[in-house]
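Q: In order, the protein sequences belong to chains A and B.
Mapping the first sequence onto the working numbering, position 346 (from 1) lands on 346, and the numbers just tick up by one.
Mapping the second sequence onto the working numbering, position 119 (from 1) lands on 119, and the numbers just tick up by one.
Hints were generated in silico from the structure; no laboratory data involved.
One or more hints might be untrue.
For the chain A half of the interface with chain B, some residues (derived, Cβ under 8 Å), not all of them [said to hold, decoys possible]: (1) Arg-492; (2) Gly-495; (3) Pro-508.
Derived coverage of chain B by chain A (criterion: at least 3 residues anywhere in the stretch with Cβ under 8 Å from a Cβ of chain A; other residues may be distant) [to be verified]: (4) 89–95; (5) 101–111.
Bear in mind that the values here come from a model prediction, so they are computed numbers and not experimental data.
Yeah, the Cβ is synthetic: ideal placement off N, Cα and C, and Gly gets one too.
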Amino acid sequence: MSSSTARHARSTQLQSAVQSPVATGAARALHAVAGRARYILTPLVLLICGGLVLYPMMFVVAESFNTGEAGHFPPSAIGLDNYAEMFEDVHILENTALVAGLAAAMAILIGFTLAWILTRTAIPGRALLEQLIGLPYYMTPLVGALSWAVLAGPKTGLLNQLWQHLTGSSDLLNVYSPFGIAWVMALFEGTVAFVMISATMKSMDPSLEEASRVMGGGKLRTILRVTLPLVAPGVLSAAVFVFAEMLGSFAAAFVLGIPARFFVITTAIWEETLSFPPDYGRAAATGMALFLVMLVTLTIARLVLRKGSYATISGKAFRPRPVEVGRLRWVLQFICWSYVGLAVVLPLAALLLTSFQRFATVIWSQTHFTAVNYRTALQMGALGPAFANSLILGLSVATIGVCVVGVLVWIIYRSRTPGSTLIEYVVMFPQAVPRMVFGLGLLWAWLNIPIPIYGTLWLLGLAYFTVFLPLGVRTLAGVVMQIDPGLEECARVCGASWIRQMRTVTLPLMRPGITAAWLLIFIASVRELGASIFLMGPNSKVIAPQIVNTWLASSSELSAAMAVLQTVTVFIGVAILLRTVRRFYGAPM
Amino acid sequence: MNSASSATPRIEVAQLKVHYGDTAAVHGIDFSVAAGELVTLLGPSGCGKTTTLRSIAGLETPSSGRILFDGKPVYCSAEHRNVPTEKRGVSMVFQSYAIWPHMTVFDNVAYGLRVRRLPSTQMRQQVEHALDLVQMRAFSDRSASKLSGGQQQRVAVARAIAFSPEVLLFDEPLSNLDARLRAEMRVELRDLQQRLGITSLYVTHDQEEALAISDRVIVMREGRIEQIGTPEEIYAQPDSRFVADFVGCANLIPGRLREGDGKLSFETEGSLSLAVAANAALRGEATTLALRPAFVTLTHAGAGQVPDGIIGSVHRRMFHGDYVQYIVDWPAGKLIVRRPPTEVFAEGSKVIISFSAEHCVLL
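Turn these sequences into a full structure, and let the hints steer you where they fit.
A: And the structure:
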């Protein structure tokens, strides 16, 4: 019988594995090497990641205390002058707080309303709306700011043109204002609030509310005494998180603030660096202040979330029983579609309309459509290569990044390697660093190293790789942690070696996560602005800063065409992403 | 069991200790499993049973001790020997089933055979044979992610036996099934194990399951072995209060052991004197007597003389279908009694309680 042959084969194999001194010796040596490799691996990973992340930051710290010759390392004189100077311009700090506060408040209001409507009520078209609401995030604040500038800029804005044409009176809206900046930030960066708050609402066990109803609590009482307290920590931590994001936001404040000479911290750093002579010291001090405030707020957000973790209860996603809203559902549906209109349809329509005209107008009799902007964007000396460079960077950073992230995720979450928590901390650190400040540090770091990569795509690639590590790790970790360790262990029990187990079980199961991480890094790279603006050189132009430069130097029509090109590229990536996710999980994200 | 296998057990665990960080999960346990035997590790969650099983599979690294297969160490702390899982030749059914969702049923079952590079015709034969044994052949080409819990369980078993392993490990394989399916699978697993004669080690926290399918049961508690024995021994002769309480249901009656007119008797709180058949217990010491509810007989008072009968009254009656459970007031407090549904005693009625001395186990 075959079983006895197999059994015999097994015992011989077992015997050879156990008794042959050579085999045991080799196995033991291998084991020892593997064991030692673990101890080498951790410091090695820490050294590389730490170097990538912390080394540039050291230059920012040093420069912020540099009172001698600007941009000279190590500084010839040290002092607190840069910090003192920063506080002389208190209005910049006030502006920042005002814009970030306004934007965060609006984002939370929008996010909470949409999250509640989409997770807790039975309105028609919920699935479609949920996908559409994610789109503004992929459109980026830069494209959002451009499109709203095109829509509601004083005099030339399409909405203002229309208003003037219809009523004859002056401007209806002015988006070049603190409120305009906050509005655009809330629309295009507030999606994070929606995602975080709906996650909290979805993870709440509906029986907690049902218990309140059963005990005789009315609808209102249940909402006030049970629902709100349960979601409060989630909402609060989302608010703090979004506020920190807004503090470090650059694009909207730049596009809409510079024309009105309204500065926030990020645009002030840009101004200080590019003014002549550049005030690097002050830029570094401002950057440090921004970094510290963001670090503190993000830490608070984490603490709030951990302390209030009773809201997430089991971590399991429930589909709560939707509240019956009766006729109110038309109103709620209208609210959702209004958001989609203001953050997706209207901006994209405005950009398209503008990009196909020589002088943008919304008055139909005056329109003159042309494709010249696209021709210029793709042909003109500097712009075509910028588009190509962004694609090259996106493809290579995503590909290399995913491989490295795969190894990191395995070390952090599966290998039981000592010090894996420390690695996680270091790898996730760039989250707290504003990308502008990081770009500045990287600039100085590589100018002061005799490796000539400044002004090349290599430096940009390195910057993207470092700042998108947390994104990749988080995406892949989500998938890896869902894989039952039993699936891997079972392969070993069936007799597979580690390599075979990785090839036949682990990697195939990780594939959707790898695809998602690849696409997210690709999308993030193609649209990157904050770090690129300092790191791009004359021969290494990339798309987002190039759009900004075009906006500043030439026409809004040309920059609209470029923004459309960038958005189309990103949307193609998103479409593939959503398809992949749906194929593997059977449901949209 | 033949004499050869009892000389060298298929699995032998000696002085096994497992630590997680500073906490010990298993405190130096010893046991063995003979060829063809099904032994169960039974205990509440956190008693170290799964840790022990995983150490035998090589999925957990013990801190010290020895694990031997057919007398040859696969783990030995003194010799720094730790044979990797895939070289141990064991097979395992996981609690989560661990069915690979990205493969078909066939590919799942064929995995161990492919690893062993079997020729494809022979592999196909063995996979089909294994699927036949669990009645899942019709599902062969089905994607594994589209199976119900019970079907996944069957595929997990087929996968575990397909490559004819010498040792089969079960990690709470039935705990995710509903009660009915669990009872059904219990019979099938035992059938399969007997038919194939595979040496099996089975982990469960369900005492009923352990008693039903095992040749021998090892009761564990807090990383130590409380008792090893056949299901009958464990049930009828529990060694400790823990075993009496955890395995099956038991009345634990506190009292003292007395000796009078050459006969042993057990004196309970209500100065009730019970005849016991103890051999080595200490006289005079406060101790506990265990009495299984199913071993107690009830008779209607006034129905006639019952030797050594004790008068009590029915406090509460609960109908369970297969049996009726009574809580009876008697001189020593409350006594739980289980009777077949053919015998009915009304609540409040007087009954005569009787049981034989050999069922009174002194702990």
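Q: Would you mind marking each hint as holding or not holding in the structure?
A: Quick rundown of the hints versus the structure:
1. With 8 Å as the threshold, the beta carbon of Arg-492 (chain A) comes within range of chain B, its nearest partner Cβ sitting at about 4 Å, so the hint holds.
2. With 8 Å as the threshold, the beta carbon of Gly-495 (chain A) comes within range of chain B, its nearest partner Cβ sitting at about 4 Å, so the hint holds.
3. The interface hint given for Pro-508 (chain A) holds, since its Cβ lies 5 Å from the closest Cβ of chain B, which is under the 8 Å cut-off.
4. Residue count for the segment 89–95 of chain B with a Cβ under 8 Å from a Cβ of chain A: 6. That meets the three needed, and the coverage hint holds.
5. Residues of the segment 101–111 of chain B lying with their CB closer than 8 Å to a CB of chain A number 3, which satisfies the three-residue condition for coverage.
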